[in-house]
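Asker: Okay, here's what each chain looks like letter by letter:
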Amino acid sequence: MATINGEAIPVDWEGAPGGQRAWATVAGRRYTLDVLATAPGQLSLLVDGRSCEAGLDGEQLHLNGRVYRAAVERDTGLVANRASAAAHGPAQLKPPISGLIVSIHVALGDAVQQGQTVIVLEAMKMQMELKAPRSGHVLSLQVEPRQEVGPTQILLTIGD
Amino acid sequence: MATINGEAIPVDWEGAPGGQRAWATVAGRRYTLDVLATAPGQLSLLVDGRSCEAGLDGEQLHLNGRVYRAAVERDTGLVANRASAAAHGPAQLKPPISGLIVSIHVALGDAVQQGQTVIVLEAMKMQMELKAPRSGHVLSLQVEPRQEVGPTQILLTIGD
Amino acid sequence: MFEKVLVANRGEIAVRIIRTCREMGIRTVAVYSEADRTALHVRLADEAYSIGPPPAADSYLRLDAIIDVARRCNAAAIHPGYGFLSENPEFAEACRGAGIVFVGPSPEAMRRLGDKLQGKRTVASRGVPLVPGTTEPIADEAQLRRQAREIGYPLLIKASAGGGGRGIHAVHEDAELLPALRLAQGEAQTAFGDDRVFLERYLERPRHVEVQVLADERGHCIHLGERECSVQRRHQKLIEESPSPAVGPELRQRLGAAAVAAAQAAGYTNAGTVEFLLDQRGDFYFLEVNTRLQVEHPVTEWVTGLDLVREQLRIAAGEPLSVRQDQVAARGAAIECRITAEDPEQQFLPFTGTVQRFVPPGGPGVRFDHMLFPGLEVTRYYDSLLGKLVVWHQDRARAVQRMERALEELTIDGLSTTIPFHRWAMAHPAFQAGELHTGFVDQWWPEHRPWGGEVELAAIAAIALAQRQASRPVVAMPVDTYDGGGSRWRRAGRGGLARG
Amino acid sequence: MFEKVLVANRGEIAVRIIRTCREMGIRTVAVYSEADRTALHVRLADEAYSIGPPPAADSYLRLDAIIDVARRCNAAAIHPGYGFLSENPEFAEACRGAGIVFVGPSPEAMRRLGDKLQGKRTVASRGVPLVPGTTEPIADEAQLRRQAREIGYPLLIKASAGGGGRGIHAVHEDAELLPALRLAQGEAQTAFGDDRVFLERYLERPRHVEVQVLADERGHCIHLGERECSVQRRHQKLIEESPSPAVGPELRQRLGAAAVAAAQAAGYTNAGTVEFLLDQRGDFYFLEVNTRLQVEHPVTEWVTGLDLVREQLRIAAGEPLSVRQDQVAARGAAIECRITAEDPEQQFLPFTGTVQRFVPPGGPGVRFDHMLFPGLEVTRYYDSLLGKLVVWHQDRARAVQRMERALEELTIDGLSTTIPFHRWAMAHPAFQAGELHTGFVDQWWPEHRPWGGEVELAAIAAIALAQRQASRPVVAMPVDTYDGGGSRWRRAGRGGLARG
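Residue numbers (my numbering), protein chains in the order written: chain A, 1185 to 1344; chain B, 1185 to 1344; chain C, 4 to 503; chain D, 4 to 503.
Incorrect hints may have been included.
Unchecked claim - Here are the simulated distance ranges between beta carbons:
no.: 1; chain 1: C; residue 1: P58; chain 2: D; residue 2: N77; range: 55 to 65 Å
no.: 2; chain 1: C; residue 1: G102; chain 2: D; residue 2: G285; range: 51 to 61 Å
no.: 3; chain 1: D; residue 1: H238; chain 2: B; residue 2: G1199; range: 47 to 57 Å
no.: 4; chain 1: D; residue 1: P449; chain 2: B; residue 2: P1280; range: 11 to 21 Å
no.: 5; chain 1: B; residue 1: G1242; chain 2: D; residue 2: Y156; range: 17 to 27 Å
Everything labelled a hint here was simulated from the structure, so no lab data went into it. Beta carbons: idealized from backbone N, C-alpha and C, even for Gly.
Bound-form chain A, shown alone:
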């Protein structure tokens, strides 16, 4: 069983784990595999003759130039990665990218409408407007102008 981008996908695996020759049945179809490690965390696969390059970087699966969130269940070493259900209640605003706070257009306690510009952020020579994720009041404001912020940082919280 693998989970790809949040979707659980049952895989029936035949062949020794870690072996070069194997077969996998997914969604009713059986694929002939040739699996070869080319570097740590990097595989070359032939899937019914088609070559694929697969690599693992944390929970990111790189496959043929695309990125997937991947998790495998059972004792295979990858930790399951389930998105926690979106919480109701107060909404936190985080920047989409590391950058510099240019200006803040609300103050603590202000009433805001969803979609209203609350902060202007600058990154890679571009300024972008960050909008209120919901309507309500500014419950907390954790940054100030000219501050550098990272993508996991909470800038402000909006609630009732």
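Could you slot chains B, C and D onto chain A? The hints should help.
Answerer: What follows is chains B, C and D alone, placed relative to chain A:
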């Protein structure tokens, strides 16, 4: 003190070992260095502003697309690599490259002249004649036709 | 010719300039911010020196530090690339003051043309048609509202300084006017240190067509035909090509004459680009002049066979143009796709991260000018351009096929990039038909079906990787052999896990 | 056009063919020996199947296994590349028998031209001049000695079958005759399964000039100008270029006409190359025909703008040539350097090993068709060609400068390669003057001063590496900044550790 391709080169090093900023004086000239590890066993150096890529693969030093034999003395981790003095007496013939023995043109005990073709080797679609490294007699013959041989393998020995 | 040139830039364009210098036997000096210590331009130059911390204002925009490096290492000239100081007349003046040749136009010509408002006034004197709009900067809010009403919506607020699509915002109604003004002024101030903005009518579905000009210091001025750069997002180009599918010989001749007239009106020298909008009826309007090498110069290089950096250096050294107008001949079709660190599925939002595996494309008719290597960290300090994938073929249809093939080969693991966007664009019927306009992305991209992924294949790969994680040694030699039996073949062939 | 094509080859040429197939919308099938499981051609193809163990006789020369794969996956055609089965009429016949199109000439034309002895007889009928020599294979030792005396020394013993410079040995005196015969026969037997050899006069310092021809199945036959391939070692080409510095318009026209006559004499179709020797007086002599795509085809592609693999596939599908003779126009100059795993300081002895760091060159006018990636194991099973570095510029002198620049950029750590040889060649006055002949390498290379190395720099690097070995973590961010002080500058600039 470093040994490069068998030549001992005194180097006077200033700066903390493993630090980014250092100075080295070699052959009476002092160089300003900026040293940065980019991967295990791989460095980016700026030597008086000139960028160099250096990597270590066993005792091979890769530097700007060229290969050197390198060794460093004292407690720095690299083992000194001194070519053992060429032995007099019997001479061993080794292949210059892995390959397949096509034919052998001498037998045990035969008298041979230096430069005489003794074995024909095939590698990379090419046949090459291996010559006797000295004049004398074939003291030992350790291979046979159609045998695969590697570059460190002794094919035959010639002595008095 | 110069013995040594300092390249006052970073990224793919610094690498590009160093390459031509080496071919000409010119020694090169790179400058770098602390974020770029291991960058390709540092590795390729003969000498490289640090000029400050990562923010551009503290490094690549520090004209004093750059001129200081040039002086100390005896560089005879400075090539500014594009962006940063390339269109800054004060920098060109400072170079002149230090006895160093600036590879570009004189500061006077730069002022007459590089500033958009001044440029409009300069070229209008030669009868080149302008896009309707204001010719003075916005002074206050009242004036803004009055002029906006006169021009009518939709309109554009544009920074007068700089280029590269920065400080340009579309306004569709009164309510957007003031916020757009503030964003445009803020970006212009940050990028160019000059917050003057003006208004221009937003033409309906025009094409962006620009003409490359070269002018030497002996009075010769020629054009190298046009580039079409209509496929844009945020007023920044994504895809460029030469020739334009909308320009025939007669129109090319008129565009070229207008571009040369614009350059001559300003006493322009070196390489420059005269930008026009081309409307549905085939009428064209002057937009602005970029007084520097353009990002998209390789498409012109490929069809004409000229090396534009070589021409720039020749001109700067006082040599004549290497060709006359009647010797300029275009062959075939070239297309460029800008590969940027952005997520096309998230409004092309910039993306920072570290490059893991990198595989450049190759083979006939492919050129990839880039700054990539495994381990490169893409930071928020500079713009998102990673590289420019350029292809050439005998005609446009085959060039599009070649670009599709090259995009399939190009692998940049670790970042979101515009590669999926370009693959979509090359396969789009309107792009293939050459039906382009500056609203192409806004019109068509929202309709695209986001690529759903090959989840079955990903599941198989994830399990195979998990089986090997942190346990088995790396095996590099295969043990499988061909078996004559039929069982493993039955499922081979089309369908199922089709290539995405 | 074909829906699916099997590529019966490996290495850079398999990658090359797959690329054009993709551009044409043709699905591709790769075959691989166990040594090539992770090779680039396997990764790029739509499907890939193992055909046996590493030795070519057990894999890439197994026509039964290859045709079996083609049948099972419904490939409509097989492209043989060069080498391996490409000039084997039995393979072309077997394809025909299996209902699969062989991308190349008919087996009949191949027999009339591909075999060198038969080829000489065929073209002589059209009045094309031959190099003096025997026209029947050597039957016994007595005949060998008699014919050698008639022709005189120096002479060449040449395998009649195959190509690629294999089975060719020079003989300067009687004593060398028999050993050379055995080597030539041995190599010919191994490479082509045919040990027939013949004798030819060894011309004094001739140029190797060859003409690319294309012939469709509707009776059209054109030539695409010449390539000069005089820089050789072991009778194998190292450097090729187009046009030849020794060929002007009038000679080009005569060479082209002779090549077309030779092809037409044999009823030849598809792409082929007619090789000539050109002597000091400007007279040329027919050498042989290569009935396949040549290694060096990219130089012709670049100057003519044509894609030769596309032309091959079109012809094989029964389509007409895409151009007429009067539409073929050459532009500029292209040069190719063969990058092989050999040690130029050790008589170009092949070198096996594993590729560590690999950095391909880029920028304007550079194409690198290769099979390289970090981790590639170069084994003894196949020939030593790793890739072909090709450059283009407006004229030969600038193309040479561009090649020097591209060679400086190309880094292949872990193997000895011909890169240092090519850097030497590009800088050599005789090469730069275009004074080439097939003895160029033998004449000039022994004089070269082996590169002594930058031992001071190596000593510094070795110490810096030793300090960090197996102890410190990798640091990717720099901490250094520009300091205005003068002390670190005084030693910057030229001299000392000059770039090698």
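Asker: Would you mind marking each hint as holding or not holding in the structure?
Answerer: How the hints compare with the structure:
1. C:P58 x D:N77: 55 to 65 Å: 59 Å, holds
2. C:G102 x D:G285: 51 to 61 Å: 53 Å, holds
3. D:H238 x B:G1199: 47 to 57 Å: 54 Å, holds
4. D:P449 x B:P1280: 11 to 21 Å: Holds - the Cβ-Cβ distance for P449 of chain D and P1280 of chain B, about 19 Å, lies within 11 to 21 Å.
5. B:G1242 x D:Y156: 17 to 27 Å: 47 Å, violated
Of the numbered hints listed earlier, the single one contradicted by the structure is hint 5.
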